[in-house]
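Protein chains in written order, with my numbering: chain H, 1 to 134; chain F, 1001 to 1324.
By construction, these hints were calculated from the structure, which means they are not laboratory data.
Note that the Cβ used here is the ideal one computed from N, Cα and C, for glycine as well.
Reference listing, derived: stretches of chain H covered by chain F, where coverage requires no fewer than 3 residues with Cβ under 8 Å from a Cβ of chain F:
#1 17-29
#2 39-53
#3 61-75
#4 78-90
DMTMM-like mimics (lysine to aspartate or glutamate), calculated; alpha carbons at most 20 Å apart, straight line:
#5 1022/F <-> 1086/F
#6 74/H <-> 64/H
#7 74/H <-> 1111/F
#8 1036/F <-> 1156/F
#9 42/H <-> 31/H
#10 1036/F <-> 1120/F
#11 1036/F <-> 1150/F
#12 74/H <-> 1109/F
#13 74/H <-> 1156/F
#14 1022/F <-> 1090/F
#15 74/H <-> 1053/F
#16 74/H <-> 1150/F
#17 74/H <-> 1107/F
#18 42/H <-> 1096/F
#19 2/H <-> 97/H
#20 1135/F <-> 1096/F
#21 2/H <-> 99/H
#22 1022/F <-> 1133/F
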Amino acid sequence: MKAGDELPPLEIPITRTLIVAGAVASRDYQDVHHDAELARAKGSPDIFMNILTTNGLVGRYITDHFGPAAVLRKVAIRLGAPNHPGDTMTLTGTVTDIDGDTARVRVVGANGLGRHVTGTVTVLLPGPGEKGAS
Amino acid sequence: MNDEGAAVNHEGAAHDLDARLKAYEGRAAARAGIGKDRVNEPMIRHWCEAMGDTNPAYEGPDAVAPPTMLQAWTMGGLSGHTGRSEAYDELLALLDGAGYTSVVATDCEQEYLRPLRPGDAITFDAVIESVSERKRTRLGTGHFVTTRMDIRAGGEPAGTHRFRILKYAPAARPRREPETARDPETARTPGTRRPRPVINRDNAGFWEAVAEHRLLIQRCEACAALRLPWLPGCNACGSQRWDTVEACGSGTVFSYVVMHHPPFPAFDPPYAVGLVELAEGVRMVSNVIGVPYDKVRIGMPVTLTFLRVDEELELPVFRAGGDD
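Put together the whole structure using the sequences plus the hints.
Have a look at this one:
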């Protein structure tokens, strides 16, 4: 692995179920994440994914790729276009630098409206001989 | 009070609010907060189910919690936050009172210092790091509030969580006009019409000619410089006397952009917007049609045509390809 390597993309269908399940699993009961009527009253066309779910999906994207021995050190994300039901988010990642056993990956999650999330993940990779992808 | 006085007063009120908001920087946002549940297998499993995360590190006797769950262990749930400071509640109330009633999370930066395991008891403190000045955003005008939380497990540092929210006054949503029956070739998004051109005495001749399927370029009577769009005077010599020449209709793409975001209801992105150089030497902005948006290229020959957008509006646009 080297800087510039790209991770295979991961497509995530943004279902109403995913948005609600993610909000409840993260104990986020803000109405805009489960009640479409109240979301509309607040100026949003529909419910939208909460940031904790996005964070969880970004973490999953990285550990799915590097394997269970990889350890997340830092996840820093910024949200842009919201994830509404019916959309698809495609996560892509590029290794930006490697320092010893630590890699930094730039992650972008794009949906039909634009960039939902941009961020950087710092991940500690399994040492030689340990089981892990790539 | 006259209008000017009101405007000055309004500015003054905004500065006053900014100062009051700044005063919260450095104050506690949460003190001695306690996670409502210890780190536990059921909540981990529910999280993994929701995220579709099948990482075996999160299962079995040596399970750790997904690191990205960090904030979840501090959430108040339906029964409310624990440990939230009066200062933070006051800050949010101050923003609510100023009309910034909506909230959206914009940034989350987490650092994980040690893995969390079932049984770990979570405690946390948080500080208000910064409150931005008033910002205009796509969602509306508001203030960003950044907090930093230190999270401990069994009293030992386990991670940090920096979180930014936007407290904002929602921007008015664009009003959709009633749906009209239109040619499906040109009516891309039902229910919304393209914006109307602003027609005045300085450009009325341009639009009258468009209605006759002619594209007229202004020509200065004094120095013969051509100009487009239409203007009352010559950019080269300042003369206000002019006549017109009709464009022959051929041109080339001088430059272009592809619009992806933000979407506007009357348009269906992505689409190409070209800066077309006409054979006469002047340039105009219009759509490039008859070619996929990602196949438009600088230097591509194009030919003038007229697109009927709806029953009232025709626009000069450019079709990819030379005169044939």
